[in-house]
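Novice: Produce the complete structure using the sequences and hints provided.
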Amino acid sequence: MRWIVYLPLLLPITSVPVARLAADHLAPRRVVVLLTALTCVLALCATISLGLLTVVGTAQLPGVPLPDHWSDPQVRASIPNVQVIGSLAGAALASALVCVAIVSHRRRRALAALRAGVATAGDTELTVLPTGPPTAFALPGRRPRIVVSASMLARLDADERRALLAHERAHLSGRHDRVLLVATLAMCAHPLLRPMRTAIAYALERCADEAAARVVGDRRVVARAVGKAALAGPVTPRGAMAATGGPVPRRVAALLAPTPADRWPTPWSRPGAATLIALGGAALSTWATWDAAIDLHAILLTADHML
Amino acid sequence: MTESRAGGPSARRGPGELESEILSLLWTSPTAMGAGAVQEQLSGELAYTTVVTILSRLHDKGVLQRARSGRSYVYAPVYDEAGLAARRMRQVLDKEGDRQAVLARFVSDLSTDDEALLRRLLEEGGS
Chain A
3 MRWIVYLPLL LPITSVPVAR LAADHLAPRR VVVLLTALTC VLALCATISL
53 GLLTVVGTAQ LPGVPLPDHW SDPQVRASIP NVQVIGSLAG AALASALVCV
103 AIVSHRRRRA LAALRAGVAT AGDTELTVLP TGPPTAFALP GRRPRIVVSA
153 SMLARLDADE RRALLAHERA HLSGRHDRVL LVATLAMCAH PLLRPMRTAI
203 AYALERCADE AAARVVGDRR VVARAVGKAA LAGPVTPRGA MAATGGPVPR
253 RVAALLAPTP ADRWPTPWSR PGAATLIALG GAALSTWATW DAAIDLHAIL
303 LTADHML
Chain B
2 MTESRAGGPS ARRGPGELES EILSLLWTSP TAMGAGAVQE QLSGELAYTT
52 VVTILSRLHD KGVLQRARSG RSYVYAPVYD EAGLAARRMR QVLDKEGDRQ
102 AVLARFVSDL STDDEALLRR LLEEGGS
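Those protein sequence lines, which keep their order, are chains A and B. Per my numbering, the first sequence starts with residue 3, numbered consecutively. Per my numbering, the second sequence starts with residue 2, numbered consecutively.
Hints listed in this document are in silico derivations from the structure and should not be mistaken for laboratory results. The C-beta atom is built at its ideal place from N, Cα and C for all residues, glycine as well. Mixed in with the good hints there might be a few duds.
[Stated by the list, open to error] Quick list of the computed label-pair ranges, beta carbon to beta carbon:
hint, chain 1, residue 1, chain 2, residue 2, range
1, B, T54, A, P193, 48 to 58 Å
2, A, G282, B, T54, 49 to 59 Å
3, A, W266, B, R91, 38 to 48 Å
4, A, R144, B, G126, 19 to 29 Å
5, A, P269, B, S57, 33 to 43 Å
6, A, W289, B, P16, 47 to 57 Å
7, B, T54, A, S175, 20 to 30 Å
8, A, A263, B, D81, 46 to 56 Å
9, A, D159, B, H60, 54 to 64 Å
10, A, R216, B, E125, 17 to 27 Å
Specialist: Set out below in structure tokens:
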């Protein structure tokens, strides 16, 4: 239980390159699988290592209901500054749990309110909002729904409306909301996983776009639907962004470009190297967490024997 | 535009999907439509009887109202219930935090740069 226990707290940084590069170089479904798996591993390891630090670090604080011998000098000596770091780790773990609680609560509340609203409109897959600004979204649940405002429908022609419906249907049938929830909760566990959540959210939109393109049989129709829908919405003045633009122009550009190749990148390409770095980070993180847990166990066993 | 998809994958559509498509069509129509007009405007080959069946099912579900026109019916969306639903949902939709709690919307807001870029993309390749 030395510096190794801190590794899982640093290693999420290895996911930053792949979060930036994957979306533009890999087929969207592969991006979702790869990034979600990496995010889960990194978040889980970071949380466990915070837990280990908290347990060991706070064991000697008065009032903590843990076996007495955990505050043994041998246990204490095995981690430098254990008390300060233990308290910090405890605070970090607590804030992660609060974040998880807030995210889940908000989601449940919003879904319940939206479902209640939709229920009044009748038992159909599509609910149209007669008033309000152009909007469209998928409402997951046991009876999945698609909600679109009339102002959005009015901007699109028949083919584009089919593309929009197919896009939202792909979100629902793929349970994309759950993937996004997992990514959001992982971000609670470690703030450095935020770029991963952004990349996963974008990849899910790209998945739904490509699914819609397969349904309507023309990727340009989907590009037009996405573009027109975005142009119907509000435009917020913002500072200059990357040359590729925000998510909507990127999606449209991706749909107008040839279909992305459905294979993993070669290791010597930039996205391939980024993937390897992140995979290495996740593997190292897993090993470090395992090692630290074994170490803690050994320390406690020793402490037991000394009594 | 319609000929680009001749015999395309539009033939395979579930009843729920057809309902949504017909409902969205009626919402964009300024006037009530009969089954023939709906059939004409829908992409893909749909039997007239299929359209009639779906229209009457949507009427049974309370989302379409109908009126006699000659020997058949014309259909229009029911605004009251939908308006009530909209009002109930407005609160959630207006709150940014809550909106993000649900799945992302079809499109996110654009920046001014995005808008220019998007217009150029659509002009170049969107037709």
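Novice: Looking back at the numbered hints, which does the structure fail to meet, lowest number first?
Specialist: 4, 5 and 9
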